[in-house]
Amino acid sequence: MRLGVIADDFTGATDIASFLVQNGLPTIQFNGVPDNSDALDAQAIVISLKSRSCPVDQAIDQSLAALKWLQQQGCERFYFKYCSTFDSTAQGNIGPVTDALLAALDETQTVICPALPINGRTVYQGHLFVGEQLLSESGMRHHPVTPMTDSNLLRLMERQAKGKAGLIAAPILDQGAVAVRTKLDELRQQGINYVVIDTLNEQHLLTQGEALRDMRLVTGGSGLAIGLARQWAQAGSDRREAEEAGRPQGSRAVVISGSCSQMTNWQVATYRQQAPAQEVLVERCLEDAESYAQQLCDWVEANSHQPLAPLLFATADAQQLQAIQQKYGSQRSSEAVESLFAAVTRELKARGWQRFIVAGGETSGVVAQSLGVTAFHIGPTISPGVPWVRDIQQPLSLALKSGNFGDEQFFRRAQTEFFHD
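If you count by numbering that gives the first Met the number 0, then the sequence shown holds residues 0 to 420, one letter each, in order.
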């Protein structure tokens with residue numbers, strides 16, 4: 000067992016699992032901490048939690064439970080996976096969870112590596128960029144739960160965590176893995192606990208993988224997994240064979256979107272021009288969720304014979320979202336929509352739906368839980384960090400997309416590039 004991954008949300012877990020498989024490391028993903036450890040034939044295990052925006056103490060408890068279970072499976076190296084936009088608040092949860100994991104492993108230093116250059120997430124002089132914009136100037140500054148108003152990862156960590164942050168700048172990365180390891184040792188001697196690493200391109204990720212392959216705990220987005228997997232993958236590992244176990248199957252598809260990210264707004268707007276689409280109304284979720292869920296399922300069934308799957312969406316732009324939150328309350332409206340999607344998912348499964356394409360980390364977790372999905376194989380990649388996955392025990396296939404991932408044609412491509420029935 001090469002690696003145990005603790006991911007703070009569901010789509011973040013599938014994101015890193017896909018990169019591990021793509022780079023030659025057979026991987027199994029679990030939804031939550033498993034109750035048993037039966038026949039785990041994999042070199043990496045990914046556990047998805049729902050700890051990104053829950054209370055700090057709860058996030059710590061969940062993460063430590065995942066760590067303990069992974070240690071029981073023989074894992075010796077660990078990866079705390081969070082979003083490539085470092086979704087968190089001044090109170091946490093990235094910093095406190097990192098501190099708790101370090102303490103549990105009796106370690107004093109780890110790295111902070113949220114970068115994923117292929118998706119436009121880079122780090123320069125310790126500042127996180129989304130495309131050409133600083134994180135604090137991107138759409139993430141309007142996030143309803145974790146608004147990101149600072150781009151400096153060193154400041155962000157020191158506000159949340161108990162230790163000190165330092166930087167390994169891009170010129171050191173350009174010198175190679177030995178230079179990175181030397182700088183890590185120097186920072187350790189200075190009492191630096193959290194080392195932010197500049198990352199401008201994939202070569203930097205490969206250098207990090209070589210330099211960090213023996214570090215007991217690393218933290219970051221999914222990009223660092225590229226370099227680490229290539230370091231650990233066995234000779235002759237066949238990516239296509241590993242992906243085959245998760246290749247999508249099943250019949251009758253639906254698209255469900257609960258994310259309000261800028262990219263998902265574009266994806267929904269594009270897909271509405273191509274397929275039947277129905278907006279989910281918050282007031283209906285609050286008034287009579289049970290009958291509303293049945294009504295939406297009837298609509299999905301009535302529109303299921305089109306070339307592309309019908310779309311249910313609670314996606315809204317920043318102005319619409321602010322109005323909804325002011326009228327109904329942020330937590331109340333969010334919970335109402337999640338409960339509605341849970342009811343819709345259960346009913347569609349009962350009616351024979353087997354393919355679910357989902358946008359949004361929270362929404363993906365709700366859908367997977369409602370379907371009774373506890374573990375799955377990772378299949379072929381639709382967009383970087385977004386694979387098809389197939390339930391290990393049920394004839395269910397899911398495409399679970401983090402809000403900001405994918406291109407504008409994601410929903411269409413998830414169907415047309417992998418199915419020919």
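Check the hints yourself; a few may be wrong.
Said to hold, decoys possible - Once the Cα atoms are required to be at most 20 Å apart in a straight line, the calculated DMTMM-like pairs of lysine to aspartate or glutamate come out as:
hint, residue 1, residue 2
1, Lys67, Asp105
2, Lys161, Glu282
3, Lys163, Glu106
4, Lys163, Glu131
5, Lys326, Asp316
6, Lys326, Glu346
7, Lys326, Glu282
8, Lys348, Glu300
9, Lys161, Asp105
10, Lys163, Asp98
11, Lys163, Asp184
12, Lys161, Asp98
13, Lys49, Asp60
14, Lys348, Glu289
15, Lys161, Asp149
16, Lys161, Glu334
17, Lys49, Glu334
18, Lys348, Asp316
19, Lys161, Glu136
20, Lys163, Asp173
What the hints assert, rightly or not - Now the in silico label distances, taken between C-beta atoms and shown as ranges:
hint, residue 1, residue 2, range
21, Val144, Leu280, 32 to 42 Å
22, Pro54, Arg154, 40 to 50 Å
23, Trp298, Met0, 20 to 30 Å
Honestly, the hints are just simulated from the structure, not real lab data.
On a predicted model such as this, the values are computed, not experimentally measured, just so you know.
All C-beta atoms, glycine included, are put in the ideal place defined by N, C-alpha and C.
We went through each hint and held it up to the structure:
1. Lys67 to Asp105: holds, 13 Å
2. Lys161 to Glu282: violated, 42 Å
3. Lys163 to Glu106: Distance ~14 Å between Lys163 and Glu106 Cα, so the pair holds.
4. Lys163 to Glu131: violated, 28 Å
5. Lys326 to Asp316: holds, 16 Å
6. Lys326 to Glu346: violated, 29 Å
7. Lys326 to Glu282: holds, 10 Å
8. Lys348 to Glu300: holds, 12 Å
9. Lys161 to Asp105: With Cα atoms ~15 Å apart, Lys161 and Asp105 stay inside 20 Å; holds.
10. Lys163 to Asp98: At roughly 11 Å apart (the allowed maximum being 20 Å), Asp98 and Lys163 satisfy the hint.
11. Lys163 to Asp184: OK: Lys163 and Asp184 at ~15 Å, within 20 Å.
12. Lys161 to Asp98: holds, 7 Å
13. Lys49 to Asp60: Holds. Lys49 to Asp60 sits at ~12 Å (cutoff 20 Å).
14. Lys348 to Glu289: The hint holds at about 16 Å.
15. Lys161 to Asp149: holds, 19 Å
16. Lys161 to Glu334: Not satisfied, since the Cα-Cα distance of roughly 32 Å exceeds 20 Å.
17. Lys49 to Glu334: OK: Lys49 and Glu334 at ~14 Å, within 20 Å.
18. Lys348 to Asp316: Judged against 20 Å, a Cα distance of about 29 Å means the pair is violated.
19. Lys161 to Glu136: violated, 27 Å
20. Lys163 to Asp173: With Cα atoms ~25 Å apart, Lys163 and Asp173 exceed 20 Å; violated.
21. Val144 to Leu280: 32 to 42 Å: Because 21 Å falls outside the window, the suggested range is violated.
22. Pro54 to Arg154: 40 to 50 Å: violated, 23 Å
23. Trp298 to Met0: 20 to 30 Å: violated, 46 Å
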